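Visitor: Residues per chain are reported as follows:
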Amino acid sequence: MNEMRSPDLSLVEAQSETPEAYVKVKDLEVRFVSREATVKAVNGVSFELKKGEVLCVIGESGSGKSVMMRSLLQLHAKKRTRMTGEMRVGEHDIMKVTEKRMSELRGSTISMIFQEPMTALDPLYTIGDQIAETVMRHERVDRDAGWKRALELLELVRVPSPERRLKAYPHELSGGLRQRAMIAVALSCRPSLLLADEPTTALDASVQIQVLVLLRKLQREMGMSMIFVTHDLGVAAQIADKVAVMYAGRIIEYGNARDVLMHPEHPYTRAMLSSTIKDQDRSAPLDTIAGTPPDLRALPDGCSFAPRCKYAGPECLAAMPPEVTDGRNHMARCVRVSAVRGLLAFEPGLAAANVPA
Amino acid sequence: MWMYALRRLVLTIPILLGVTIICFALVQIAPGDPITSLVRPDTPPEQIAALRAYYGLDQPVVFQYLMWLWRVLGGNFGTSIANNAPVASEVMRAFANTIVIALISVLFAFVVSLVLGTIAAIRQGGIVDRLVTALAVFGISVPTFWLAVVLVIIFAVNLNWLPATGMGASGSDSFNYFVWDDFKFAIMPIVALALPPLAIMTRITRASLSEILNQDFIQTLRAKGLGGFQIITHAIRNIMPAAIAMLGLQLGYLIGGSVLVETVFTWPGTGALLNKAILTRDIPLLQGTILVLAGAFVLINLVVDLAQSLVDPRIKRS
Ligand SMILES: Nc1ncnc2c1ncn2[C@@H]1O[C@H](COP(=O)(O)OP(=O)(O)OP(=O)(O)O)[C@@H](O)[C@H]1O
Ligand code: SF4
Ligand SMILES: [Mg+2]
Chain P
1 MNEMRSPDLS LVEAQSETPE AYVKVKDLEV RFVSREATVK AVNGVSFELK KGEVLCVIGE
61 SGSGKSVMMR SLLQLHAKKR TRMTGEMRVG EHDIMKVTEK RMSELRGSTI SMIFQEPMTA
121 LDPLYTIGDQ IAETVMRHER VDRDAGWKRA LELLELVRVP SPERRLKAYP HELSGGLRQR
181 AMIAVALSCR PSLLLADEPT TALDASVQIQ VLVLLRKLQR EMGMSMIFVT HDLGVAAQIA
241 DKVAVMYAGR IIEYGNARDV LMHPEHPYTR AMLSSTIKDQ DRSAPLDTIA GTPPDLRALP
301 DGCSFAPRCK YAGPECLAAM PPEVTDGRNH MARCVRVSAV RGLLAFEPGL AAANVPA
Chain H
1 MWMYALRRLV LTIPILLGVT IICFALVQIA PGDPITSLVR PDTPPEQIAA LRAYYGLDQP
61 VVFQYLMWLW RVLGGNFGTS IANNAPVASE VMRAFANTIV IALISVLFAF VVSLVLGTIA
121 AIRQGGIVDR LVTALAVFGI SVPTFWLAVV LVIIFAVNLN WLPATGMGAS GSDSFNYFVW
181 DDFKFAIMPI VALALPPLAI MTRITRASLS EILNQDFIQT LRAKGLGGFQ IITHAIRNIM
241 PAAIAMLGLQ LGYLIGGSVL VETVFTWPGT GALLNKAILT RDIPLLQGTI LVLAGAFVLI
301 NLVVDLAQSL VDPRIKRS
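Protein sequences, first through last, are from chains P and H.
Quick note on our numbering: the first sequence kicks off at 1 and runs consecutively.
Quick note on our numbering: the second sequence kicks off at 1 and runs consecutively.
Since the hints were made in silico from the structure, they are not lab data.
It should be emphasised that the depicted structure is a prediction, and the values quoted were computed from it without experimental measurement.
Note that the Cβ used here is the ideal one computed from N, Cα and C, for glycine as well.
Be aware that one or more of the hints could be misleading.
As the list claims (entries may be wrong) - Taking beta-carbon pairs under 7 Å as the criterion, some of the chain P residues facing chain H (in silico): (1) Ser103; (2) Leu121; (3) Arg297; (4) Pro300.
Claimed, not checked - Negatives, chain H to chain P, calculated, CB over 10 Å: (5) Ile104; (6) Ala156; (7) Ala223; (8) Leu226; (9) Arg237.
Unchecked claim - Here are some of the chain H residues that sit facing chain P, going by a computed Cβ distance under 8 Å: (10) Thr233; (11) Ala242; (12) Arg314.
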């Protein structure tokens, strides 16, 4: 396993001297067009991520987290999707690469772990085949070498009795083992960016933590950048360097994990955090804020959160609130947030008083 | 795997027994007396009684069944009432004729349907897709005997390319499918038989493949960087359990339902034989034919089950 780690570790060290962003997303917009409607799933997302950093993306169901992740791999059906903006991963311009080049990047430079380990693996292929297949595709090795690597990978992700598990089919494994196998597939070609879309949500609580700890450890050891989508603020607090809060396809608050989670400024982030803290259950779903998320087929002008925001006023509806960023790179998109003495600050203003109790 | 095969094999024994009982009973409850239809109307009653005793028709039903079953197990299906020939050899010869063209038809339909269905599923709304829809409507709505007659008119009467009926000069016994002069007799029956399964299987292939292509694991395969061809390979392997089931079903349908096609082409298969047995009330012949067909059905199902468990690892455990 050591020969797998060492080159990546050296990369991390080299990177730490050049704080150049490794992943760069700017003004990303994704729309799904069909005859009936156009779904505006992602509406101008920008962020940067350095080598070895972990970005946690949190937000309600339907806020566009998965769509944003799939965009980074160009996984959307070309015909029905309109994408604009910029996406760069390392030296690769994801918006411009050819499909052939993209398929070479998928699973090698950038790989992805999905939420449902039950359905994300092909039921008719052994675990070994599904790992080896990826290695064979990207490293042009034969089947024996692929299986040898698959065995090493299962050891790496701490699957007990890996020889036996290689020959097992997905239905013969527990959810936790299946997700470990999925992680093995994703790590098989030493990616430098790992996209994890709620990788622990479908697992039992105790298994969740094990998988999370494993993922965090491997991410550090291999020096990967990671974008981790979760509903779980507790998870975010444990593993994130940066946190992005998404609402209606936009990042409405972004910053260092500590800043966003300890000093949230956007009313949505605040409501979300207080609802989970009051419940004393950090893994409770975020959908505990009154009201429903907006219809992405017909987004109104102005702040998308306004219909549910208790501080909303007419000025919120005039136009999309601009991004306000402080000296610590903490950003929020809300008319009542401003940067005061290098720190973001929220001013309830008059509107709060006008809200009937 | 072997345990599963063995268990599955043992399970067919009661089914086969049930088949024999039903076969036997069907004929018992059918109206009409075989002896009176066989002899001249002015035959004296003593002679009829003697014939009845000769064929064992005067014994209790259960006894008749057991006697019959015992003989059947020994490969003796009795003698045909109409022509005194052994039923077993007549049925087997006819069955060979039927099963060969049914197998050729269904395998042909299977391969073509996989290709067409796959292209239609990948390029939905494309030209092949529309062709497949048209073919499906045509194949399902057109009666086979009509198609058979049209084929005869076009290829035998008008174009004179293929012989209209029968198995040719060499006849059933020396018929060789690998010799063109013999095989050309089989072409039209095969085509007529293949069309409905082709239509149905193409549609099922298209439907199940597009369902599979929408499943989560396909996205995983794309995210792993696999190419289109590799992904389709995964998807096709995933429809194989369903495709094999469909193949077995269509084969069973063809060997049982080929009466009309065999009649139009005077193809001497089990369909034609059934027809003859019913018209002449030839009970041993009827029983023998139904029994062989039903046995073939059970066997096809067994093979389908085993083949499915070979392609789908989830089946063995349950
Ligand atoms: N292929 C698609 N075609 C049309 N609409 C889509 C497509 N994929 C996603 N959407 C829509 O885009 C919106 C965002 O979906 P997305 O899956 O990104 O949400 P999410 O934030 O990941 O939610 P969850 O937490 O439930 O996973 C949803 O309204 C969804 O219905
Ligand atoms: S802009 Fe207005 S509506 Fe939107 S979050 Fe801020 S206060 Fe609430
Ligand atoms: Mg999602």
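Visitor: Decide, hint by hint, whether the structure agrees.
Guide: Status of each hint after checking the structure:
1. With 7 Å as the threshold, the beta carbon of serine 103 of chain P comes within range of chain H, its nearest partner Cβ sitting at about 5 Å, so the hint holds.
2. Given hint, leucine 121 of chain P at the interface with chain H, holds; its Cβ is 6 Å from that chain's nearest Cβ, closer than 7 Å.
3. The beta carbon of arginine 297 of chain P is not positioned within 7 Å of any beta carbon in chain H (closest approach about 22 Å), and the interface hint is therefore violated.
4. The beta carbon of proline 300 of chain P comes no nearer than 32 Å to any beta carbon in chain H, farther than 7 Å, and the hint placing it at the interface is violated.
5. Non-interface call for isoleucine 104 of chain H relative to chain P: holds, since the shortest CB-CB distance, roughly 29 Å, exceeds 10 Å.
6. Its beta-carbon lying about 46 Å from the closest one in chain P, alanine 156 of chain H satisfies the requirement of being farther than 10 Å from that chain.
7. The beta carbon of alanine 223 of chain H sits about 4 Å from the closest Cβ of chain P, which is not more than 10 Å, so the claim that it is off the interface is violated.
8. Residue placement check: leucine 226 of chain H does not keep its beta carbon more than 10 Å from all beta carbons of chain P (closest about 6 Å).
9. Listed as a non-interface residue, arginine 237 of chain H fails to keep its Cβ farther than 10 Å from every Cβ of chain P; the least gap is roughly 6 Å.
10. For threonine 233 of chain H, the interface hint is violated, the least distance from its beta-carbon to any beta-carbon of chain P being 10 Å, above 8 Å.
11. For alanine 242 of chain H, the suggested interface contact is broken, since its CB lies about 12 Å from the closest CB of chain P, more than 8 Å.
12. The criterion of a C-beta within 8 Å of any C-beta in chain P is met by arginine 314 of chain H, whose closest approach is roughly 5 Å, and the hint holds.
Going down the numbered hints, you'll see the structure goes against 3, 4, 7, 8, 9, 10, 11, while the others check out.
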